[in-house]
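4 protein chains.
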Amino acid sequence: MIIQLRKNISDSQIEAMAAAYEGVVVNYESNVLVVTPSAIKNIDSKFDDIIEKNWVLDSDIQLSSRKFKNETRKISIGRFTSGSAQTLLTIGPCGVEGEEMMEQTAKLIVEHGLSSIRAGAFKPRTSPYSFQGMGEDGLKLLAKMREKYGLSVVTEVRDSTHVQLVLDYADVIQIGAKAMYDHGILRACGRSQKPILIKRGFGTTLQEFVQAAEFVLSGGNPNVILCERGIRTFETKSRFTLDLCGVAYLKENTNLPVILDPSHAMGYAYGVPDLARACMAMGVDGLLIEVHPNPAVAKSDASQQLNHDTFRKLFETLKPIAAAVGRTIV
Amino acid sequence: MIIQLRKNISDSQIEAMAAAYEGVVVNYESNVLVVTPSAIKNIDSKFDDIIEKNWVLDSDIQLSSRKFKNETRKISIGRFTSGSAQTLLTIGPCGVEGEEMMEQTAKLIVEHGLSSIRAGAFKPRTSPYSFQGMGEDGLKLLAKMREKYGLSVVTEVRDSTHVQLVLDYADVIQIGAKAMYDHGILRACGRSQKPILIKRGFGTTLQEFVQAAEFVLSGGNPNVILCERGIRTFETKSRFTLDLCGVAYLKENTNLPVILDPSHAMGYAYGVPDLARACMAMGVDGLLIEVHPNPAVAKSDASQQLNHDTFRKLFETLKPIAAAVGRTIV
Amino acid sequence: MIIQLRKNISDSQIEAMAAAYEGVVVNYESNVLVVTPSAIKNIDSKFDDIIEKNWVLDSDIQLSSRKFKNETRKISIGRFTSGSAQTLLTIGPCGVEGEEMMEQTAKLIVEHGLSSIRAGAFKPRTSPYSFQGMGEDGLKLLAKMREKYGLSVVTEVRDSTHVQLVLDYADVIQIGAKAMYDHGILRACGRSQKPILIKRGFGTTLQEFVQAAEFVLSGGNPNVILCERGIRTFETKSRFTLDLCGVAYLKENTNLPVILDPSHAMGYAYGVPDLARACMAMGVDGLLIEVHPNPAVAKSDASQQLNHDTFRKLFETLKPIAAAVGRTIV
Amino acid sequence: MIIQLRKNISDSQIEAMAAAYEGVVVNYESNVLVVTPSAIKNIDSKFDDIIEKNWVLDSDIQLSSRKFKNETRKISIGRFTSGSAQTLLTIGPCGVEGEEMMEQTAKLIVEHGLSSIRAGAFKPRTSPYSFQGMGEDGLKLLAKMREKYGLSVVTEVRDSTHVQLVLDYADVIQIGAKAMYDHGILRACGRSQKPILIKRGFGTTLQEFVQAAEFVLSGGNPNVILCERGIRTFETKSRFTLDLCGVAYLKENTNLPVILDPSHAMGYAYGVPDLARACMAMGVDGLLIEVHPNPAVAKSDASQQLNHDTFRKLFETLKPIAAAVGRTIV
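Protein chains in written order, with the numbering used here: chain A, 2 to 331; chain B, 2 to 331; chain C, 2 to 331; chain D, 2 to 331.
No distinction is drawn between identical chains; accordingly, a pair holds when it is met within one copy or between any pair of copies.
Straight-line Cα separation of at most 27 Å, DSS-like style, residue types lysine-lysine; simulated pairs: (1) K42 to K68; (2) K68 to K314; (3) K70 to K238; (4) K68 to K238; (5) K238 to K314; (6) K8 to K54; (7) K42 to K300.
No lab work stands behind these hints: they were computed from the structure. All values derive from a computational prediction rather than experimental measurement.
Construct the complete structure from the given sequences, taking the supplied hints into account.
Structure (structure tokens):
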């Protein structure tokens with residue numbers, strides 16, 4: 002249950018209310034909320050005079066539920082605002098590998114009138130014998146692109162040991178598919194006000210996915226965006242299976258903006274353009290596409306990154322679809 | 002391996018060739034082919050003089066492979082031809098339930114300038130205590146709609162006991178997700194020349210899916226269409242998970258037309274319009290959408306069928322997306 | 002709902018009762034039952050005087066539910082009876098390939114004091130370019146082994162076109178994983194009284210699996226055995242994933258005997274002995290293990306079949322586990 | 002490739018070798034190893050005189066491969082040693098909830114002659130509105146049980162923010178299913194010499210699972226144990242699906258001890274005894290079973306924990322199965 006307290010309730014009263022129902026206190030848009038486990042459906046009448054309003058929810062999808070707040074959250078990333086008719090198209094290489102390729106990427110972005118750049122500095126590899134990312138040096142290169150080209154920076158945190166570093170450098174903090182259950186990261190992001198992009202774990206149900214967002218929201222940060230990037234199924238011809246049915250569910254039931262990542266889902270560049278067009282037609286808040294100046298030599302995800310020419314052609318086909326669903330690409 | 006024999010090879014030579022490599026003899030566009038297990042990579046030189054040409058394939062995706070025949074198969078269903086710039090939009094209720102609702106459906110189809118009607122007469126229910134379909138009476142109603150409105154009829158065969166009946170009545174024989182491994186059905190369809198629409202089993206890999214098509218193709222029927230309708234994954238918020246990554250694979254690697262069914266994948270009407278738009282943007286040969294005059298009283302799949310008004314609105318949004326990807330809806 | 006009618010109710014009354022609730026009439030152990038869709042929870046009081054007793058079930062797991070009939074069904078296969086302290090260990094090759102190998106198999110079975118032989122004559126292959134089984138000739142060889150060695154014959158039906166043939170030859174009709182939704186087969190088996198062994202489809206939920214059994218049970222055949230043989234998951238190091246959690250569910254909730262098939266689940270001979278021991282410790286009614294005189298030359302499933310020596314060693318280790326869980330191997 | 006260097010190679014030579022092939026330097030049992038990405042199959046002959054021996058592996062399962070080190074690793078936890086005929090049976094509640102219930106648990110353990118206690122102090126919950134664990138106070142209670150009853154303590158780290166705390170208190174550090182990709186945790190554990198128990202993520206392939214172990218092994222800690230606890234599949238009647246086929250793979254291919262957790266896999270107490278017996282029959286190094294003095298009031302995982310009486314009965318049935326597979330329970 003979400004309980005909105007009246008104005009001017011004392012801290013001790015707030016704490017008493019929260020303690021009575023194991024609730025989490027959340028400062029939310031100039032109101033104080035106490036969010037209890039959803040199993041709680043009734044509040045003792047003795048609290049009546051401090052309660053303004055409440056919402057009984059049927060699961061721990063609470064602050065992110067359209068039943069609590071119906072309109073999609075407005076979250077700003079540079080020129081882009083979610084919950085509007087804009088679609089954020091954020092592109093860049095899987096990982097930051099050096100200055101020259103980041104320069105080439107930034108120029109491609111500017112050339113298309115886009116507003117953000119994405120790349121990872123801390124790579125969450127499954128093998129210790131693979132490229133692990135440039136670390137803080139990578140973050141510095143991303144910051145340089147921001148300064149030089151006016152781009153918003155989207156980059157990933159891998160684990161709690163460097164979450165503050167990423168929070169310091171990035172405009173949008175991406176919590177990767179393998180890190181999205183990490184309480185250390187989620188709680189640190191809840192204390193920030195920067196947009197947090199949570200990628201769905203490949204073995205994660207939609208319920209758990211949205212509950213990860215609840216960690217950040219209930220921590221005090223209302224700026225959470227969800228990113229569907231493919232789930233793991235029995236099919237092995239593609240790397241993962243992009244779950245657009247799940248996206249339909251998220252759009253219907255949550256107030257969180259949704260961004261789609263066809264690159265990681267497919268795992269092979271050949272399928273990305275078709276999927277990107279499908280994603281655009283879903284009418285979502287954004288797309289995330291991996292683009293690399295020379296995919297063949299990429300240090301990670303070589304097979305799935307588009308080269309610049311393919312991206313240019315794809316972009317031309319995305320525009321009329323965006324128009325068909327009433328959206329502009331930013 | 003696919004081996005194309007020279008013209009005027011005697012039957013006994015053909016049989017010898019086939020026997021030598023456990024091959025299947027296929028009459029294919031005025032040529033005789035012997036298709037052996039793909040494990041066979043070489044043919045003895047003694048057969049050189051009867052062989053015109055051959056294709057070594059890396060798996061039992063053979064006749065359906067773009068390596069054998071690069072262009073997408075042209076299959077005609079009324080005014081529609083696959084492998085062209087047309088997209089078949091075939092709609093109708095889950096099951097034939099009576100004449101009035103079929104009349105209403107047919108009129109909706111005609112109103113939108115569409116060319117085909119779909120509905121099941123033999124329902125492959127998982128419970129014996131559910132509506133099992135109208136059987137031949139349903140087929141007769143479908144045939145009536147064909148005569149009266151000039152529509153092509155797409156309908157499903159459930160098991161081998163009535164496959165001939167369905168072959169007799171239908172213009173397109175749909176092999177359902179639960180029946181697609183059925184050799185009895187596949188072989189009967191291979192002896193026909195009517196278009197066969199094979200739905201992917203929800204637990205079926207793409208490899209097995211295409212191999213089911215190979216049963217029909219190698220049986221002598223070149224007219225096979227694949228239909229992706231969602232696979233079973235761990236996610237339960239939707240009924241199945243529509244596998245568009247798989248569709249990208251099929252488009253890239255096979256010469257079979259692909260039709261998408263967002264209704265069965267989603268399982269809930271609210272998500273079908275978004276998904277249908279995504280499917281249209283994939284640039285596929287067709288879409289199959291369940292539409293019912295009054296979904297609330299439908300005898301099967303009540304939750305996922307669109308009512309006629311919702312379909313009308315959806316159709317208006319599909320047209321510009323079709324245009325954006327260079328296609329016309331038939 | 003299952004409604005048991007009083008004795009001596011007239012046919013017309015039975016039909017009226019069934020028609021009123023879309024129920025299926027089942028003659029069950031000298032009683033007449035009407036089984037309605039489980040959604041029906043109440044019966045009009047006007048039927049009170051023809052109703053002896055009823056069971057309201059929460060899903061279409063009805064005749065197979067322990068809530069209807071608590072004890073595990075006693076089904077006899079030669080010397081074996083299910084629902085007792087016996088465990089049926091049925092072995093044999095994947096497919097019947099010839100008389101000599103069937104002889105060798107039968108002798109191995111007799112050597113270990115076992116009572117049944119299993120092998121397929123109709124192979125449900127996923128590729129048309131693979132060995133499809135010996136057909137009726139295979140059934141004849143199995144029948145010969147029965148006569149010569151007194152063994153019960155377990156063999157598979159692939160599709161409805163030959164279901165009567167298999168019903169005629171076999172002692173236990175196995176409905177394979179790819180055929181278990183086939184109404185043609187299920188209904189034909191419902192009209193028999195022979196034991197029907199239904200294998201779980203690899204994409205089949207437990208709910209659907211048991212509902213397949215309900216087709217046979219409600220058709221009038223009370224002798225249904227379930228066989229778990231692995232489901233399809235994201236893991237590819239084994240062929241399938243043996244679902245012993247599902248077996249625990251089936252044992253707790255249904256009155257159907259359960260047999261386990263570790264061979265198809267694992268797909269590799271090296272893992273079969275460990276898994277077979279685990280299956281035996283589950284305390285189930287039976288185990289099905291693929292054994293071939295020379296797996297390397299097997300025409301199907303070559304990788305997963307045990308050779309005779311490996312089986313002999315495995316058998317010695319199964320005996321003490323059977324004893325530990327209070328069972329004897331038959 | 003794993004390259005074992007000769008004795009007395011200088012640090013600069015080691016670094017040069019590692020740098021040449023992006024290798025990780027590992028001090029391993031008085032040898033220096035350089036482990037390169039497995040894609041590297043050959044070493045330049047100029048390094049011949051510093052190389053003692055090498056192993057070319059076909060994937061990044063390297064230090065954990067039986068091809069590198071054939072025998073199962075001997076890892077000691079109190080009286081228990083892995084890779085022997087002992088099976089560790091570690092029990093306890095899901096979470097530490099207070100001193101009294103930990104006392105009751107410890108007494109149950111001592112009563113059965115067992116050697117270790119398990120419980121979580123940091124709970125990796127998927128909802129922020131659920132009990133999150135007692136934190137360091139929970140670790141202190143576990144340490145108290147160790148001192149008072151001589152038990153080894155197995156407890157979980159949730160994220161990198163408290164990994165050092167858990168390393169300080171625990172005898173075995175459990176990395177939970179949701180944390181097993183966490184580089185921060187894996188690297189910290191690699192710098193310790195304490196046994197690390199890695200639980201398989203529910204969406205994690207066996208390949209990735211073992212690669213997580215490689216992070217710890219290549220960090221310098223040879224004491225890694227794997228724990229299979231169920232994967233996420235389409236089946237929802239149980240919480241997860243215990244993957245014993247995967248266990249067969251791990252036993253065959255890796256030198257890492259394997260422990261099984263039937264409690265989390267099943268999710269319901271009723272199925273745990275049958276599954277525990279199956280796990281014991283697999284001949285693995287250990288079992289982990291959740292036991293709580295009063296499951297009905299447990300703050301987490303209430304449905305799956307056994308009460309003490311059920312555990313007592315289960316234990317009596319585990320002993321003969323252990324004996325049947327030649328093992329003693331510790």
